[in-house]
Amino acid sequence: MISLRNVNKAFGRVQAVRDVSLEIAKGEFFSLLGASGSGKTTLLRMIAGFESVTSGKILIDGQEIQDSPPHLRPINMVFQNYAIFPHLNVRDNIAYGLQRLGTPKAEQARMVDAMLEMIALPGYGDRRATQLSGGQMQRVALARALILKPKVLLLDEPLGALDKQLREQMQLELRSLQRQLGITFILVTHDQEEALTLSDRVAVMENGAVIQVDTPAGLYDHPTNRAVAAFVGSMNFFDATVHGQGDAYRAEIAGLGPQRLNGQAGARQDGARVLVAIRPESLTLSPTAPEAPQPSVQGRITARQYMGGRQMLHVAVEGRAAPVAVSIVAQRGDDPWDGSEGRPVWLTWGPGAISLLDAE
Amino acid sequence: MTVTSVSGPAPARPSAITRFLHRHEGWRGHLLLAPALILMTVAIIGPMWMTLMMSTWTVRGFDIIVTPGLANYTAMANNPMFPVLIWRTLEIALTCTIVTVVLVYPVAYFLAFQTGRSKAIWLLVLTLPFWTSYLLRVFAWRVVLGNEGAINSGLMSLGVISEPLSWLLYSQTAVTIVLAHSWAAFAIVPIFVSLEKINRSYLEAAADLGDTPARRFWRITFPLSLPGVVAAFIMMFVPTMGEYITPIMVGGPDSMMVGNLVQAMYGPMANWPAGAALAVVMMITIGLASLAFVGLNRLVQR
Ligand SMILES: Nc1ncnc2c1ncn2[C@@H]1O[C@H](COP(=O)(O)OP(=O)(O)O)[C@@H](O)[C@H]1O
Ligand SMILES: [Mg+2]
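Taken in order, these protein sequences are the chains called B and A. For the first sequence, position 27 (counting from the first letter as 1) is numbered 27 according to my numbering, and the numbering increases by one without interruption. For the second sequence, position 119 (counting from the first letter as 1) is numbered 119 according to my numbering, and the numbering increases by one without interruption.
Derived by calculation from the structure, the hints in this document are not laboratory data. One thing to keep in mind: the hints can contain errors.
To be verified - Ranges of calculated distance between the beta carbons of each label pair, as one might list FRET restraints: (1) GLY159(A) / GLY12(B): 48 to 56 Å; (2) ASN6(B) / PRO106(A): 35 to 43 Å; (3) ALA109(B) / ARG298(A): 22 to 30 Å; (4) ALA109(B) / LYS197(A): 26 to 34 Å; (5) LEU101(B) / MET156(A): 51 to 59 Å; (6) LYS197(A) / ALA114(B): 31 to 39 Å; (7) GLY12(B) / LEU32(A): 38 to 46 Å; (8) PHE217(A) / ALA209(B): 36 to 44 Å.
To be verified - The list that follows gives simulated cross-link-like pairs (lysine to aspartate or glutamate, EDC-like), each with its CA atoms no further than 20 Å apart: (9) LYS149(B) / GLU204(A); (10) LYS151(B) / GLU204(A); (11) LYS151(B) / GLU64(B); (12) LYS149(B) / ASP61(B); (13) LYS26(B) / ASP200(B); (14) LYS151(B) / ASP200(B).
Quick caveat: nothing in here was measured; it's all calculated off a predicted structure. A virtual CB, placed ideally from N, CA and C, is assigned to each residue, including glycine.
So that you can see chain A by itself, here it is in the shape it has in the complex:
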């Protein structure tokens, strides 16, 4: 049997590119990735590579000697100041990360479970502090924590204290408080998302099998939100490790962080290679700490 009649227009012939992309699905993905990939290579891998290279150089007088070597690293290892500084930075970053995540978890929980339609409004309210500049917020904290600040004058007028709490401002405490506030929203969002994702029927099933609300939280809700908690840890820990503005503005001599020294080495001390070496050590520290968080999560989730 032969059919010769052809009705309607012939299908349009796709272009060569269209046909190629239709056939090779992998390339469609690569094409979508390309802009970000190029940007990442140029803007992230490039500087990192340069930092790594520079950390092997040395400074003599006003000259930079580009012969690769580990001089900066051995100098750091022999100077007791560096471990102290790195340890203190870790301590500040960890303290404020842990405190923030613990404080923020109930907020995220409230957002994910309690509020119905007002969810969007609450999220907006929580990001409100971020509508002003970072510097303004730090200044505001100086006003709050200072000797004549809101807290001290409030406590003094109530007669709780007779003279200002001097450790409130220009101290490690102040740095921790301000950093915690600055990055809180970055911790809320991942926890909120992981809680929001939990299928409500898991919670009903747990209640059905006899769990009280508290038991159910520890057996179902919390374990299922752990990926979000880990993400919140990393989201907070990484930027606070690299902080240098907050310590300058609200910190005292005892609260200088690694970031401040890196900045000093690139600035007044004019020793870029040493600064680069310090930055590399920081990157490795942060990387290891993040891996530890992820590993811990794996262990718990098993």
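Okay, chain B solo, but in the shape it has when bound:
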């Protein structure tokens, strides 16, 4: 329902958004994920109409909107700083867009009350906007936008200013709200965890360009790009070379040795240099050599990181400068890896653990 076609934005000589094309479906929860400065806000502001596009088209339900002013677009936005009007009370803030539409006063009051109920702030209508906490302002900003029943709701890092606990609670509420209302949400965030937990699909941005669009699971399991792989979760990268052709591909991986490939190689040529990516949690550790014929390599534990529910073990292997990170579930009580630094171990992995990326 919302399409971006080759959208570009330049601020003088800064190319903030490069040739972005996206198709976002009705009712989808879509996220733009990227590091600070990657052009997420600029892209969102172009959709809202606060920035003009340098080139390209933006369509909603097939209609070009890139040249219409913000007040004519069926889109509403939740601003990063909430932008709650300080001279109005909560009720008037929420009713702001209704007053223009000429909705009857009684109907307005009813709708505002319903909104206050929905954002769990009943009875707050007469509070001054300046007396609200960050989380409450965030909800009011949400209600103010949603009361207009927009086709698309844009959210620019809406939870960034909240503390962790409140943020997690608001994430759940956002998700269920979106489900309930069926409105298309486009969320900007630099927090990969937030993007993965909330979204139906995520576009990862880097340097103004969208480098991968996929479902959270797709991004996590099949990153197509080193930047995506590194940005979403943590990842071990290995230099490797592809050998063979047809269905008999094999990779020679630095530090792990030879490895059969099951279709991951795509159409790469014999001898192509690639990057092998393996998630720390896709590796398993055992103190003895595995019996079954399974890919494995021997290494030595160099360091341990305790991380609450999990722990990260760093394993030095031959043929690779940096140790390999292995994430395992921490055991309560007796910890088999207690005092394991310096011990030899065997690393094993399943055939699905490997993702192949282009070497840069």
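Mind docking chain A with the ligands on chain B? Use the hints.
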């Protein structure tokens, strides 16, 4: 476990004053305020108190009688000239304040929103008239407004009028025009500051919620700039109420203001107590009018 090794120099011991100020934050503020506070007490409260005292004295012949009384005030209340004069002064000051604030608001708006880097230059240009002396500016206005002045001769040569507009100079109109020009910059600055302070995301949010630029101005920009408008009102109204040079130089017999009478009483009429009483009445009038502005602002802001 005992740790005896001490490495590095011992921390310097602060002086008694430093320690006192560190502990009592309130006193730091008082210390900073002190110079201004002393000056204000001596230079503002002092003269005000003296004026107030003097207004209760009376003059008999060439003597000042220092017995306190309300004679000057009752005399003023019984003389119909005073209400007329005070009312006219209010009228001039209010007219030129309202006209100026209305004219200057778009300028301040332009400065705050439209110009990017040239803001400083524009501000400088606006203060340009103030680089010359006040008197010179008033003289310049005499040249512009006079019978042979720029406006009259211009209109006559165009054939719009056949004889000079005599009401242009030496009139209440002239006083209003000159005062408005003299104090315009004092009105621009507070409005500019209040507009400049408005977070731009409020304006974007209003547009996002469906407001056209005009609606957005009346619903967001203007209400949020009201404190600046009120400040501009007061900044202009207070000094114009006390004016006495402009009426002398460009005003006629119908445009004498209270300031002129105060000056006359302290000067040629040599009745200082009566002048003081008039000054006190003026202060109260200005105070009440300013309070009314502030109250009005509160009412609108609610
Ligand atoms: N108004 C602007 N003028 C000039 N450069 C801008 C402007 N807005 C953003 N940029 C630049 O565009 C790039 C992308 O910015 P932004 O969209 O804010 O990134 P993000 O939201 O991902 O942090 C940055 O390099 C930023 O400096
Ligand atoms: Mg941003």
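Results of checking the hints against the structure:
A hinted range of 48 to 56 Å holds for the C-beta pair GLY159(A) and GLY12(B), which are about 53 Å apart. Hint check: ASN6(B) to PRO106(A), Cβ distance near 40 Å, so the stated range 35 to 43 Å holds. As the Cβ distance of ALA109(B) to ARG298(A) is approximately 26 Å, the hint placing it in 22 to 30 Å holds. At roughly 32 Å, the beta-carbon separation of ALA109(B) and LYS197(A) lies within the given 26 to 34 Å, and the hint holds.
Distance hint for LEU101(B) and MET156(A): a CB-CB separation of about 56 Å, consistent with the stated range 51 to 59 Å. Our hint of 31 to 39 Å for LYS197(A) and ALA114(B) holds, since their Cβ atoms are close to 35 Å apart. For the pair GLY12(B) and LEU32(A), the beta carbons lie near 44 Å from each other, so the given range of 38 to 46 Å is met. For the hinted restraint 36 to 44 Å between PHE217(A) and ALA209(B), the CB-CB distance of approximately 38 Å keeps it satisfied.
Between LYS149(B) and GLU204(A), the direct Cα distance comes to roughly 18 Å. Compliance with the 20 Å bound is thereby established for this hinted pair. Distance hint between LYS151(B) and GLU204(A) is fulfilled; the C-alpha atoms sit about 18 Å from each other, no more than 20 Å. Of the pairs offered as hints, the one joining LYS151(B) and GLU64(B) holds, with about 15 Å between alpha carbons and a cut-off of 20 Å not exceeded. Simply put, LYS149(B) and ASP61(B) have alpha-carbon atoms about 16 Å apart, close enough for the 20 Å limit, and the pair holds.
Among the hinted pairs, LYS26(B) with ASP200(B) is consistent with the structure: their alpha-carbon atoms are about 11 Å apart, no more than 20 Å. The hinted pair formed by LYS151(B) and ASP200(B) meets the criterion: a straight-line CA distance of about 17 Å does not exceed 20 Å.
Checked against the numbered hints given earlier, this structure breaks none of them.
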